[in-house]
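Here are the chains, one letter per residue:
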Amino acid sequence: AQSVTQLGSHVSVSEGALVLLRCNYSSSVPPYLFWYVQYPNQGLQLLLKYTSAATLVKGINGFEAEFKKSETSFHLTKPSAHMSDAAEYFCAVSGTGRRALTFGSGTRLQVQP
Amino acid sequence: DAGVIQSPRHEVTEMGQEVTLRCKPISGHNSLFWYRQTMMRGLELLIYFNNNVPIDDSGMPEDRFSAKMPNASFSTLKIQPSEPRDSAVYFCASTLGGTDNEQFFGPGTRLTVL
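Just so you know, the sequences run in chain order A and B.
The first sequence begins at 177 in the working numbering and counts up by one.
The second sequence begins at 3 in the working numbering and counts up by one.
Among the clues, some could well be false.
[Claimed, not checked] Sample of chain A residues facing chain B (criterion: CB under 8 Å; computed from the structure):
no. : residue
1   : Tyr-215
2   : Pro-216
3   : Gln-218
4   : Gly-219
5   : Thr-227
6   : Phe-266
7   : Ser-281
No lab work stands behind these hints, which were simulated from the structure alone.
Idealized CB from N, CA, C, for every residue including glycine.
Required output: the full structure, derived from the provided sequences and hints.
If you want it as structure tokens, here you go:
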């Protein structure tokens with residue numbers, strides 16, 4: 177079985193500040209981990225993914241995430257928030273034999289001017 | 003590429019009516035997924051197809067829900083009869099190949115059942 181926990185349903189940062197969105201996973205098989213972003217009234221867009229290559233993964237829009245097996249974490253970071261980063265972010269997991277994604281509950285990021 | 007296409011974008015219906023949601027995956031993709039998004043339950047898988055064959059329908063709520071994929075370029079999700087608790091945003095996504103590949107999501111269908 178696989179599951180994802182996102183700590184913090186809402187995160188608010190100032191423009192230019194560090195963004196840190198937390199994700200912990202549980203998986204009985206080596207996981208594939210994803211971060212998706214959803215802008216209002218739109219579908220989900222892939223930010224980045226971990227597929228057992230490099231543990232530090234770089235994505236679009238300046239985001240990156242680090243896979244830490246010992247902590248079962250895959251936290252998303254961005255050094256400097258921009259107003260356009262305001263959206264909802266979902267961490268998701270899949271694994272061998274299960275193509276469908278299991279999503280976390282999402283974190284809504286607000287960026288204050 | 004036009005991306006994943008869903009129709010309608012919005013649907014308002016009355017309880018008891020039949021609702022059909024449609025999805026056209028990206029050409030060449032061989033897996034198709036239907037997800038539902040609600041405030042209470044978040045994003046959850048309803049069903050997914052691989053090469054037009056249903057592989058996992060464990061997320062389909064009950065017999066009122068059915069999904070078909072008659073060919074590689076079209077899928078439907080039908081609710082009959084609809085109930086107010088079915089109100090949600092329904093997303094279709096498609097991908098090519100393995101479990102580690104990106105799923106491409108459509109814009110979703112916002113369903114409201116009165």
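So, going through the hints one by one against the coordinates:
no.	hint	in the structure
1	Tyr-215	violated, 11 Å
2	Pro-216	violated, 11 Å
3	Gln-218	holds, 6 Å
4	Gly-219	holds, 4 Å
5	Thr-227	holds, 4 Å
6	Phe-266	holds, 7 Å
7	Ser-281	holds, 5 Å
When the structure is compared with the earlier hints, violations turn up for hints 1 and 2 and for no others.
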